[in-house]
Every structure is written in C-alpha cells, then in structure tokens.
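Q: So you can see what is in the structure, the chains are spelled out below.
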Amino acid sequence: MAAPDLALLLAALAMLALRGAGLLVAGALRPEHPFIAWATAVSQATLAAFVALAVLAPVGILATVPLPARLAGLAAGLLGFALLRGRLLPALGLGLGALVAVRLALGG
Amino acid sequence: MSRLPPPSRSHRRGVAEALGAPAIAMGVTFLAFGAAVREAGLALPWALGASLLVYGMAGQLVLLQFAAPGAAHGGVVPAVLGATAANARFLPMAVALAPWLGGAGWRRWLALPFIAITPWAAAMRRLPFLPAAERLPWFLGFALASWLIAGAATAAGHLLAPHLDPAARAALLFANPLYFALLMAGDLRLPPARRAILAGVLAAPAALVLPAAWSLLGAGLLGGTAAFLIGRRRGGA
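Residue numbers (the numbering used here), protein chains in the order written: chain A, 1 to 108; chain B, 109 to 345.
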C-alpha cells in the first residue's frame, strides 16, 4: 500500500475511534450532566478558537489573503447577519463578497 | 406519543435544513479541498476517502500536507498523528452530542461516521427543541445530506482544479470559518455558549505557541474549561 493511502486508512480509523469514544462514554448520561456541560464548552471554545485563528493567523492558502480583507469579510458577514435578522446565506455571501472586494482593492 | 410525526418526516426536515447555508458553507470548503488534493498530485479516490472518512477539514488539511507525495516533512506517522490531533475535537463533540441521540440504546451508533463540526453545530442548536423521538432521525437526515454534499463538492473540486486560481480557492476556504462565526453570533444570547465562545477567542493566542497539530484542541481545552468553571461558580452562587 502506498504511503498516502496507508496514512489515509490509519487516519480514518483514528477518527472512528475519537467519535466512537465520545458516543461510548456519554451515551448513557443526561444532557445536564456536568461532564456533558464541560465537553460542550470545550467544543464551543475550540470552534471559536478555530474561527479566531482562521481570521487573525491563518495557515496555508488562506494566509495569502491580506488581514484587512479577512477582517472586512468577517465584519461584513456579521453586520449582514445582524441587519438581516439572522439569515445565514445572504450574510455568508456579503462576507465573502467583502473579502474579495477588499482583496482586489488592495491589489492582491 | 401518537402526536409525534413519524421518523421519516423528521429525516426529511433534517435533510431540508442541511440544504441551505450549511450546504453552501461546507460545499465550497470541500470544493477547495478537492482542488488542493489534485494540485498535490493525489487521485480522486484519495480525495473522496479523506473527505468522507476523515470528514473534518482541519484534519484533512494536515493529512494532505504531510501525506502528499514530495511533502517536505512527510511520512505516514506525522500525517496520522497530526490529522488525529487536529480533529481531536471530535471526542468532546461526540460526548456533547451523545445524550441528544437517544440515550443508551444502540441506535445512536448510526450517527458515528457523521460527527463533524457542521452537523454538530446544527444539532446542538436544534435537537434540544425537538421531541426526543425526532432527534436521531433529524440528525441522520441532516448529517447524511451534509456528508453527501461534502463528497460531491470534493469530487467537483478535484475535477475543476485547473480552473480555480489560488485567490478563488482562498476565498472559498474562508466560507467555512465565516459560517461558524455567524452560527456563533446567533448563539451569543445564551449565557453558557457566550462564555465558551468568548473564552475560546481569548484562548486562541495560546494556540500560536503550541505545536501546530495540537493548537486548536489546546486552546479549546483552556478556554472551554475556564468557561465551564466560571459558569459553575455563577450557577452555584
């Protein structure tokens, strides 16, 4: 088996183990259990950190987008979301549009 | 119990809710991933395997980065460890989700392959407001639709790669964090979510000093635990 295929197979098994361990541990607990509340807080904080890092300190190809363009994308998306009373799709479009527009304006 | 809609209707509602903003946000991100896999010189089956079996973008990107032929610091072991660490959030996410999927019965295991950020984030907002009998069918409908969209978008990205320039792919990749930012903005009115989100953002700089593969989980553990402890203290006062 080629190295990329072996890496994919082992990674896929590791993902099943992570998901399975969570279902195994917590399936019998009630949603109000402190352990569930803690895991929920950790998951939400991880997601928030993921977003903060993607905007402020991205890696890979996203890092080629200038910071002002990333900030404009986030700000326009959030503003649209607030003004449009929580409609996700138009807010998403506004955010991406602002990112592309500011990037073009900066000559990126 | 007779007042509850049959499970098939809950399935369809889940599918319908997946086919909006979640589908677009996920679709464009997986499209960008499919294109990146082709640029790295790997075939479509590998791209589909990564999207459908790993099914978590942070881990997929790490796997691609280390496993691609000619990767600077490549190798099977760093690829697998890096991808696992980058997606280690699946563990607390599965813990948080499990009680909403029908308790101790075996049926919750049907959800196993689909536990990923997008279905998780949608489920945590939706499931508490659904009758217990509708929760698992709703989740399976939403999750299966999302999973199929992820696969289709990956294939499309792989095929369209020659037509997508780097600037377009970068913009597409931004759809994913932006979508989650919008979801979280909607959750800010709930005090426990607000605490966790703010703590996660404040802990994000900690991620910059941790090894790259562990950075997200490290920041999440730090911020989430702090938010949980603050919430317990306030709740107990």
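It should be emphasised that the hints constitute simulated quantities derived from the structure, not laboratory data.
Keep in mind it's a predicted model, so treat the numbers as computed, not measured.
A virtual CB, placed ideally from N, CA and C, is assigned to each residue, including glycine.
Please note that a few of the clues may not be correct.
[To be verified] Here are the computed distance ranges between Cβ atoms for each label pair: (1) B:Ile338 to A:Gly86: 23 to 29 Å; (2) A:Leu6 to B:Gly343: 43 to 49 Å; (3) B:Gly178 to A:Ala82: 42 to 48 Å; (4) A:Pro68 to B:Asp273: 19 to 25 Å; (5) A:Asp5 to B:Leu256: 21 to 27 Å; (6) A:His33 to B:Pro319: 27 to 33 Å; (7) B:Pro319 to A:Gly93: 46 to 52 Å; (8) A:Ala2 to B:Arg302: 44 to 50 Å; (9) A:Gly93 to B:Leu318: 32 to 38 Å; (10) B:Ala151 to A:Gly93: 15 to 21 Å.
[What the hints assert, rightly or not] Examples of chain B residues toward chain A, derived with CB under 8 Å: (11) Ala124; (12) Gly164; (13) Leu296; (14) Pro299; (15) Ala301.
Q: Report the numbers of all earlier hints that the structure fails to satisfy, in ascending order.
A: 7, 10, 11, 13 and 14
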